[in-house]
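Enquirer: All chains, full assembly: derive it from the sequences and hints.
Line by line, the protein sequences are chains A and B.
For the first sequence, the tail end lands on 1776 under my numbering, and the numbers increase by one without skipping.
For the second sequence, the tail end lands on 1776 under my numbering, and the numbers increase by one without skipping.
Any given hint could be a false lead.
Derived DMTMM-like pairs (lysine to aspartate or glutamate); straight-line CA-CA distance at most 25 Å [what the hints assert, rightly or not]:
#	chain 1	residue 1	chain 2	residue 2
1	B	Lys1698	A	Glu1538
2	B	Lys1600	B	Glu1568
3	A	Lys1753	B	Glu1756
4	B	Lys1764	A	Glu1538
5	A	Lys1772	B	Asp1702
6	A	Lys1767	B	Asp1689
7	A	Lys1691	B	Glu1568
8	B	Lys1691	A	Glu1756
9	A	Lys1615	A	Glu1538
10	B	Lys1731	A	Glu1730
11	B	Lys1691	A	Glu1763
12	B	Lys1761	A	Glu1665
13	A	Lys1698	B	Glu1756
14	A	Lys1750	B	Asp1689
15	B	Lys1750	A	Asp1636
16	A	Lys1769	B	Asp1702
17	A	Lys1648	A	Asp1636
18	A	Lys1764	B	Asp1702
If you're looking for bench data, these hints aren't it; they were derived computationally from the structure.
There are 2 protein chains.
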Amino acid sequence: MKKLRQISVIGMGLLGSSVTLAVLRSFSSIRTVGYSHRASTRKKARDLGVAEKIAEDLLSCVRDSDLVIIATPICTFEDIFEQIAPDLKDGCVVTDVGSTKKLAHQWARKRLGKTVHYVGSHPIAGSEKRGVEFARDDLFFGAKCIVTKDKNTNAAAVRCVKEFWSSLGCSVSVMNPAEHDKVFADVSHVPHAMAAALVNATDSKQINFAGKGFVDTSRIASGPANVWADIFMTNSANTAFGIEKVISQLRKLQSAIKQENYQKTLKLLEDARSKREKLIKYKMKKNELI
Amino acid sequence: MKKLRQISVIGMGLLGSSVTLAVLRSFSSIRTVGYSHRASTRKKARDLGVAEKIAEDLLSCVRDSDLVIIATPICTFEDIFEQIAPDLKDGCVVTDVGSTKKLAHQWARKRLGKTVHYVGSHPIAGSEKRGVEFARDDLFFGAKCIVTKDKNTNAAAVRCVKEFWSSLGCSVSVMNPAEHDKVFADVSHVPHAMAAALVNATDSKQINFAGKGFVDTSRIASGPANVWADIFMTNSANTAFGIEKVISQLRKLQSAIKQENYQKTLKLLEDARSKREKLIKYKMKKNELI
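Expert: Written out as structure tokens, the structure is:
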């Protein structure tokens, strides 16, 4: 963190504005510059003081920056890389906060110059609340953050990005982008698809009889549709394969239920119960359930 | 409630003991008797004082009772009906707190005598906590409760059971058992199957990368496997059909994702998001999310 004189964040949603706010509050020597393509968001961000400066345009946001963090929907990354590339200073590190990583690495390689270093980041933080008005300087504290690198990634840039997230309180793991996208299809993108499918499968008249179980199981279906459509589009094969695995488990349970096979049904439910209990114990130990 | 001199509850789990405790605290003129087949639970229930009396055997629990409430796993109901039938007084009303209703009505018709009146009940209350030590006198306050009747059900008994749950703070709806089981397959039993399938489909090594989305979507998979196996066994056709509907929605989303069809994917996600937003607004208005 000592080497960083300026960080720039593109996108002043919950994640982006929480990054600038966290740096602003904890590292007064680092200049924080933010940008949003919406004038109304720029005004809000300025009024709330989530960054030292809110730039009026993309290029004056990233100019002179040591670390640029992109916090916009994934499908905008390629365009943004192309637009900012000519104005980035030599040795600048570029990262992001997107939920899929393989395409981001490909686009960075194609669109950013050779004097700029891209490293992927995926902080597992967020909330169902959206927008700069919910920015929190402690959003990343205690969160996992996956940093991704492939064989072309600059080692010093990886160290810089790891140190950056650690300094905001994240517990950092390193993966390659393909591995990341496979793991997160299963633990994040597929659950989202299931929540949406559950809501869409339920009769509009009967849905009001839903209890807390339904409300929890479907919670993430309330997430922003455009952000999630981007995630699915940029991780399509893994997500489609993950959905297939879930359908196969649903078929197993459906078949046991159809046959009224108590022992088979019980075993499938007990397998799930004990596996989840282990997960919850792990999460409690790591303080990741707060 | 004026006519009730004694209520008896079979099963001193969270639901059963919360029923006796709520009556004990609010209606001092009604005698509350509880029973559990486990000696250790009977001792705990006595020590905690959740009922005026904890009977040592099933028959002395129900003898002289005006209203008997069965709060054991559903698959025990037929046996319990058969055992208690000879000892119930004429005009006694029998109900339960089970999550499926069609078989309960059939078993009651077959096993309870003609001088005893069965009405189904399904209070939508509970918690992931289990056992008499979590008994709460306000567990039913603000909860929905479905009361079920078919063409053979005694009208005065239905009034008695409706009044009983209302007096504990429930908002009561009446359905026939077939309709009840169809609706609750979709809004409760299918989400449970999905939560279990999600956990079972996830790799044991990767599961620790799960974030809050996964934890919420899978929460109900931590419920007691035996209770849920009973629910599935007694509502098999509706649950199997509900799983089919969800699989068909998953296939729609999977196909849009595979084709990388952004508009189709976005529409499915947006449909789910807006439908769930309506549900949450309804639940907030009805104060059902506390």
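Enquirer: If a hint holds in the structure, say so; if it does not, say that too.
Expert: Comparing the hints with the structure gives:
A distance of roughly 31 Å separates the Cα atoms of Lys1698 (chain B) and Glu1538 (chain A); the hinted pair therefore is violated under the 25 Å criterion. Taking the CA atoms of Lys1600 (chain B) and Glu1568 (chain B), the gap is near 13 Å; set against the 25 Å cutoff, the hint holds. About 36 Å separates the Cα atoms of Lys1753 (chain A) and Glu1756 (chain B), which puts this hinted pair outside 25 Å; it is violated. This hinted pair does not check out: Lys1764 (chain B) and Glu1538 (chain A) have alpha carbons roughly 39 Å apart, beyond 25 Å.
Taking the CA atoms of Lys1772 (chain A) and Asp1702 (chain B), the gap is about 17 Å. The hint holds against a cut of 25 Å. For the hint pairing Lys1767 (chain A) with Asp1689 (chain B), the CA-to-CA distance comes to about 17 Å; that is within 25 Å, so the pair holds. At roughly 37 Å between alpha-carbon atoms, Lys1691 (chain A) and Glu1568 (chain B) are farther apart than 25 Å, so this suggested pair is violated. Restraint check for Lys1691 (chain B) and Glu1756 (chain A): satisfied, since their Cα atoms lie roughly 19 Å apart, inside the 25 Å limit.
For a cut-off of 25 Å, the pair hint linking Lys1615 (chain A) to Glu1538 (chain A) stands: about 23 Å separates their Cα positions. In summary, the hint linking Lys1731 (chain B) to Glu1730 (chain A) is supported, as the alpha carbons are separated by about 15 Å, within the 25 Å threshold. Restraint check for Lys1691 (chain B) and Glu1763 (chain A): satisfied, since their Cα atoms lie roughly 14 Å apart, inside the 25 Å limit. In summary, the hint linking Lys1761 (chain B) to Glu1665 (chain A) is not supported, as the alpha carbons are separated by about 34 Å, beyond the 25 Å threshold.
Of the supplied pair hints, the one linking Lys1698 (chain A) and Glu1756 (chain B) holds, its CA atoms being roughly 22 Å apart against a limit of 25 Å. The suggested pairing of Lys1750 (chain A) with Asp1689 (chain B) holds, with an alpha-carbon distance near 21 Å, which does not exceed 25 Å. At most 25 Å may separate the alpha-carbon atoms for a hinted pair to count; Lys1750 (chain B) and Asp1636 (chain A) exceed this at roughly 32 Å. The hinted pair formed by Lys1769 (chain A) and Asp1702 (chain B) meets the criterion: a straight-line CA distance of about 13 Å does not exceed 25 Å.
Of the supplied pair hints, the one linking Lys1648 (chain A) and Asp1636 (chain A) holds, its CA atoms being roughly 15 Å apart against a limit of 25 Å. With a CA separation close to 15 Å, the supplied pair Lys1764 (chain A) and Asp1702 (chain B) stays within the 25 Å bound.
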